[in-house]
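Visitor: Here's the letter readout for the chains.
Number of protein chains: 2
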Amino acid sequence: MKRLKCTISYDGTNFHGYQIQPNQRSVQETLEATLTHMHKKPVLVVGSGRTDAKVHAVGQVIHFDTSLNIPVLKWEKALNALLPTDIVVQRVEEVSNEFHARFDVIKKEYRYKVSRTPGRDVFKRHYSYHYPYPLDLLKIQEAMNLLIGTHDFTSFCSAKTEVKDKIRTLYHVELIEKDDELIFRFVGNGFLYNMVRILVGTLLEVGQGKTQPQEIQTILEKQDRTLSGKTAPGHGLYLWKVSYDN
Amino acid sequence: MKRLKCTISYDGTNFHGYQIQPNQRSVQETLEATLTHMHKKPVLVVGSGRTDAKVHAVGQVIHFDTSLNIPVLKWEKALNALLPTDIVVQRVEEVSNEFHARFDVIKKEYRYKVSRTPGRDVFKRHYSYHYPYPLDLLKIQEAMNLLIGTHDFTSFCSAKTEVKDKIRTLYHVELIEKDDELIFRFVGNGFLYNMVRILVGTLLEVGQGKTQPQEIQTILEKQDRTLSGKTAPGHGLYLWKVSYDN
Numbered sequence: 001m002k003r004l005k006c007t008i009s010y011d012g013t014n015f016h017g018y019q020i021q022p023n024q025r026s027v028q029e030t031l032e033a034t035l036t037h038m039h040k041k042p043v044l045v046v047g048s049g050r051t052d053a054k055v056h057a058v059g060q061v062i063h064f065d066t067s068l069n070i071p072v073l074k075w076e077k078a079l080n081a082l083l084p085t086d087i088v089v090q091r092v093e094e095v096s097n098e099f100h101a102r103f104d105v106i107k108k109e110y111r112y113k114v115s116r117t118p119g120r121d122v123f124k125r126h127y128s129y130h131y132p133y134p135l136d137l138l139k140i141q142e143a144m145n146l147l148i149g150t151h152d153f154t155s156f157c158s159a160k161t162e163v164k165d166k167i168r169t170l171y172h173v174e175l176i177e178k179d180d181e182l183i184f185r186f187v188g189n190g191f192l193y194n195m196v197r198i199l200v201g202t203l204l205e206v207g208q209g210k211t212q213p214q215e216i217q218t219i220l221e222k223q224d225r226t227l228s229g230k231t232a233p234g235h236g237l238y239l240w241k242v243s244y245d246n
Numbered sequence: 001m002k003r004l005k006c007t008i009s010y011d012g013t014n015f016h017g018y019q020i021q022p023n024q025r026s027v028q029e030t031l032e033a034t035l036t037h038m039h040k041k042p043v044l045v046v047g048s049g050r051t052d053a054k055v056h057a058v059g060q061v062i063h064f065d066t067s068l069n070i071p072v073l074k075w076e077k078a079l080n081a082l083l084p085t086d087i088v089v090q091r092v093e094e095v096s097n098e099f100h101a102r103f104d105v106i107k108k109e110y111r112y113k114v115s116r117t118p119g120r121d122v123f124k125r126h127y128s129y130h131y132p133y134p135l136d137l138l139k140i141q142e143a144m145n146l147l148i149g150t151h152d153f154t155s156f157c158s159a160k161t162e163v164k165d166k167i168r169t170l171y172h173v174e175l176i177e178k179d180d181e182l183i184f185r186f187v188g189n190g191f192l193y194n195m196v197r198i199l200v201g202t203l204l205e206v207g208q209g210k211t212q213p214q215e216i217q218t219i220l221e222k223q224d225r226t227l228s229g230k231t232a233p234g235h236g237l238y239l240w241k242v243s244y245d246n
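Chains L and X are the protein sequences, given in the same order. full-length UniProt numbering applies: residue 1 is where the first sequence begins, and numbers increase by one. full-length UniProt numbering applies: residue 1 is where the second sequence begins, and numbers increase by one.
It is worth saying that the hints were derived from the structure and are not from the lab. Do not rely on the hints blindly, as some may be mistaken.
As the list makes no split between identical chains, a pair holds if one copy fits it or if it spans any two.
[To be verified] Within a straight-line C-alpha distance of at most 25 Å, the following computed DMTMM-like cross-link-like pairs (lysine to aspartate or glutamate) qualify:
id, residue 1, residue 2
1, Lys178, Glu215
2, Lys178, Glu221
3, Lys74, Asp121
4, Lys54, Asp245
5, Lys124, Glu76
6, Lys77, Asp180
7, Lys230, Glu142
8, Lys54, Asp121
9, Lys77, Asp121
10, Lys222, Glu94
The model shown is predicted, which means the values in this text are computed figures rather than measured ones.
Given the sequences, and given the hints that come with them, work out the whole structure.
Guide: Structure below.
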């Protein structure tokens, strides 16, 4: 048995998220169905983590074990020929049997795209959050700087979050302006459920003047989800990159 | 009765083209169904011209007549609230009853997007033609310059074209490089069936060295569709702008 690590991108529009769920189209189920078809026996896929419905991936990482005798360089083509067009395998590498796509993650990058065109852009409706309201970008940046570092992010995750330890470290928090888009970039050692979407929702309220940048500090300290902003919609979010120790 | 001129954009992915066809989803049918629902009687829509299956529009123009007493400024919102999300009304203007969206066109702009990323970009699969092969852009530009002006475009339209007069004038023919994309821009007084897609297919063959730039001249003169290149796929094409005399 060989273990293969695959870097994949997907358009989340027509998926009910990464994880298998009954009667819903998911990325994991689609990957497993293709691999099971190839192997003529069930194959399980382990992803670096879940993504929600409508959320996209530029560089999600998964692993699986295979007994097939396909050279590693041919795997990319073989999988892309069989997978539906909304999943694209970018890279396949053979890794040690100890490698684990979820447990071995050391760093993840998420990006969130906000479209600021006055009218709706029909070509972006699935790929960025349309937010045509005035925004003070300097205030947003001020608030983003307060997020860098190690914090308890209880205020910035879904109340449904089950993990106990809500302390995470954000290494980079950056605002990129590109044409009519704002891109919120977050690089950290881990992210809680809905964390990026709640951070963006809160930062947009800062940009609108509804929340002062310095309040971010207080919201973090109070560890109370009701103090932060709305959860921004899934279709603006991209799992951009997953990093490992090798 | 008032005549309204609407500028609309649409994502062509899930349309079988602009024009009504039996048992197929079309832009015209979708617009007419919405307007008929609003008016409680059949409303006919006249477009500036057809677009094929998968072809997009940034600025298609249509007109229709209405007896409804909606102020012109409210029409945009009213239509966008009722139309499916893959059609967006950008502007609605009241025009004279003589205005005709097809007959009064004086200029049209089409753009064709080619994606040159080595691997497939899952987010562009419906929005640009993936062409990862080496291209000599100077040669393409040389060939494009030969297309400017008034020519008989028989060699560059579908053999199925029914119009007799195949003489058209191209005012601007331009190649734009943007990130990993090439954008072919054509502005002319009119376009024949499949003309832009055959022009782009031929220009890509020029870029690949399969056709010499100067051969464009000969191909135009010979008036023979078999001498030009393949028809590039519909999903890279955008009806960008339609201009009128007012």
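Visitor: Each of the hints needs a verdict: does it hold here or not?
Guide: Evaluation of the provided hints:
no.	hint	result
1	Lys178 - Glu215	neither (27 Å within a copy, 40 Å between copies)
2	Lys178 - Glu221	neither (33 Å within a copy, 44 Å between copies)
3	Lys74 - Asp121	between (39 Å within a copy, 19 Å between copies)
4	Lys54 - Asp245	neither (29 Å within a copy, 43 Å between copies)
5	Lys124 - Glu76	between (28 Å within a copy, 19 Å between copies)
6	Lys77 - Asp180	between (35 Å within a copy, 22 Å between copies)
7	Lys230 - Glu142	within (19 Å within a copy, 53 Å between copies)
8	Lys54 - Asp121	both (17 Å within a copy, 17 Å between copies)
9	Lys77 - Asp121	between (33 Å within a copy, 14 Å between copies)
10	Lys222 - Glu94	neither (45 Å within a copy, 55 Å between copies)
When each numbered hint is compared with the structure, violations occur for hints 1, 2, 4 and 10.
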